[in-house]
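Participant: If you're matching them up, the sequences are chains E and W in order. Sequential numbering of the first sequence, starting at 0, is according to numbering that gives the first Met the number 0. Sequential numbering of the second sequence, starting at 0, is according to numbering that gives the first Met the number 0.
Hint data in this document are derived by calculation from the structure and do not stem from the laboratory. Worth double-checking, as some hints may not be accurate.
Identical chains blur together in the list; that is why a pair holds if it fits in one copy or across any two.
To be verified - No more than 35 Å apart at the CA atoms, straight line, and that leaves these computed lysine-lysine pairs for DSBU-like: (1) LYS313 / LYS145; (2) LYS115 / LYS192; (3) LYS44 / LYS103; (4) LYS303 / LYS93; (5) LYS115 / LYS317; (6) LYS103 / LYS174; (7) LYS103 / LYS216; (8) LYS44 / LYS216.
Each chain is listed here by its residues.
Number of protein chains: 2
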Amino acid sequence: MKHSLIVFAAVLFTAQAHGADPLPSWNATGPKQAIVQFVEKVTRKGSPQFVPEAERIATFDNDGTLWAEQPLYFQLFFAIDRVKAGAAAHPEWKTQEPFASVLKGDMQGMAASGEKGIAQLIMATHAGMTSDEFAKIVSDWVGTAKHPKSGKPFTSMVYQPMLELLTYLRANGFKTYIVSGGGIEFMRPWTQKVYGIPPEQVIGSSGGLKYELRGGKPVLVKLPELVHMDDKEGKPIGIQRHIGRRPIAAFGNSDGDLQMLEWTCSGEGARLCLFVHHTDAGREWAYDRQSHIGKLDKGLDAAKANGWSVVSMKDDWKAIYPK
Amino acid sequence: MKHSLIVFAAVLFTAQAHGADPLPSWNATGPKQAIVQFVEKVTRKGSPQFVPEAERIATFDNDGTLWAEQPLYFQLFFAIDRVKAGAAAHPEWKTQEPFASVLKGDMQGMAASGEKGIAQLIMATHAGMTSDEFAKIVSDWVGTAKHPKSGKPFTSMVYQPMLELLTYLRANGFKTYIVSGGGIEFMRPWTQKVYGIPPEQVIGSSGGLKYELRGGKPVLVKLPELVHMDDKEGKPIGIQRHIGRRPIAAFGNSDGDLQMLEWTCSGEGARLCLFVHHTDAGREWAYDRQSHIGKLDKGLDAAKANGWSVVSMKDDWKAIYPK
């Protein structure tokens, strides 16, 4: 009898712990408390800060917030692989920058081409095919490519605590969106599977599209032009265009997310704004104010001034990647 | 006893009829049959044409498909009212076309300014304020303005059979979207209330936005420039940008919807494409191949060639507007 009581107590404890802690990979530090308190405030009936379900919009940056972004944005690894795959059909790339550097594996040379060179790489590898063809190319790449440092598939380098956060918010009636500087059509083929976020809840930088009939069948052809840059001021603009209402929670990791957090947390009522701060050189990477990728400088100051949450990956997260 | 049995039978009949007929304002003619058969095909488990809920996307044009569009697009009546409201602050409008004609109530003169003039009207009345301010202006107008012919609020001139269709599709797991040539920010303030369609499921023509801080508070300012024309080829492009997947059902009423229907019905599996044909001069308006507004010419031919449904408002709809 005594034994079975102990077993029962243990089961009960486990069940309670399971039910009570939707964020098991988060330490019980400030950011976790801020998240849980915010969710309780906006979902508890009778709460003065209750928010109807339809208005529970949460937006997440992707690179550096939901998955890693070092030593290069993962979409750039994709572009590099596409340049290699397309080299035979483009003999001119052997001598033309930034393609020549990419083909030689000279990352310094590629970087030397600057933003213009990066844009050329993206245009050359993200346009000229139909949107359906591009989705297949991305799906194939995501299913096979490996990160040069970790050797893991890129989609395994997503942050376990953020996956728990997405699930927790959705379980509380939130609609979760990605709002990323990355390409909208680069993300959509895999966000449902990896994050549980359907294509219509993915906002990103987008290129031109042309509708045409090919052999009597309509297709959408991707054009080598940028029609929306979903970064900095572009994030609130992308949110307004796609969602048409202001989020009540926003999550980012860099100055590119600052305006999204400003826009979100300057609305009335309960709001949650949070930066993921990359402080863990051991388990991930450590970078902030001086970084070329994912620079977090003004954002850190704004977080302090506005009382936004800042997650220290080293101190606030028990795990980084899923097991 | 006999009496109560009759009452019971009557109640039962009513309940059954209610349960069995989700489209009571539709006559039992071809279009209704096509709709019901399509919905059963894609929702019945085990059906070879079953479509998972997440992929049940249905897109609806607005002007002439969900609400009336004669004698002018309702958004133009809004623009005209805004020109009148702004005349005192714009003395130059007294002599400058198309504003001068609008202020004199000379619709012929306004029409003579052509597409360029209409664009000028829209830009002058839809830009220069913040998106929040514009939403309030639209809400106020929609709550008070009356149609010049019917004397009814514009939002009462929605089609009862289409309201039933929206509800029926949503009850069957569809996500219903508006995909309209009308302004995205002109529709969003009222589509939830009128159609049950939330702002994030409204796609339309959109103008530029500028993010700026005013007195330390971020705002989105509407710019006098068009960044997406959501008409003809622009509809599949708008769908791809906002939704990122192809609809399985599409509803329109004019050649401006032709590409949306082509795009939708050229996908694999069960598809439903339907044109609303304005054939009812008594209860609404009758127009098609020659009309300046809502011209349906190539669309009628395409519907015939592709076996798409065509609703004759006169023959297929029991009611036009809600009671």
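Participant: Decide, hint by hint, whether the structure agrees.
Facilitator: Results for each hint:
no.	hint	result
1	LYS313 / LYS145	within (24 Å within a copy, 61 Å between copies)
2	LYS115 / LYS192	within (33 Å within a copy, 46 Å between copies)
3	LYS44 / LYS103	neither (61 Å within a copy, 54 Å between copies)
4	LYS303 / LYS93	neither (49 Å within a copy, 53 Å between copies)
5	LYS115 / LYS317	neither (39 Å within a copy, 61 Å between copies)
6	LYS103 / LYS174	neither (44 Å within a copy, 48 Å between copies)
7	LYS103 / LYS216	neither (40 Å within a copy, 49 Å between copies)
8	LYS44 / LYS216	between (51 Å within a copy, 30 Å between copies)
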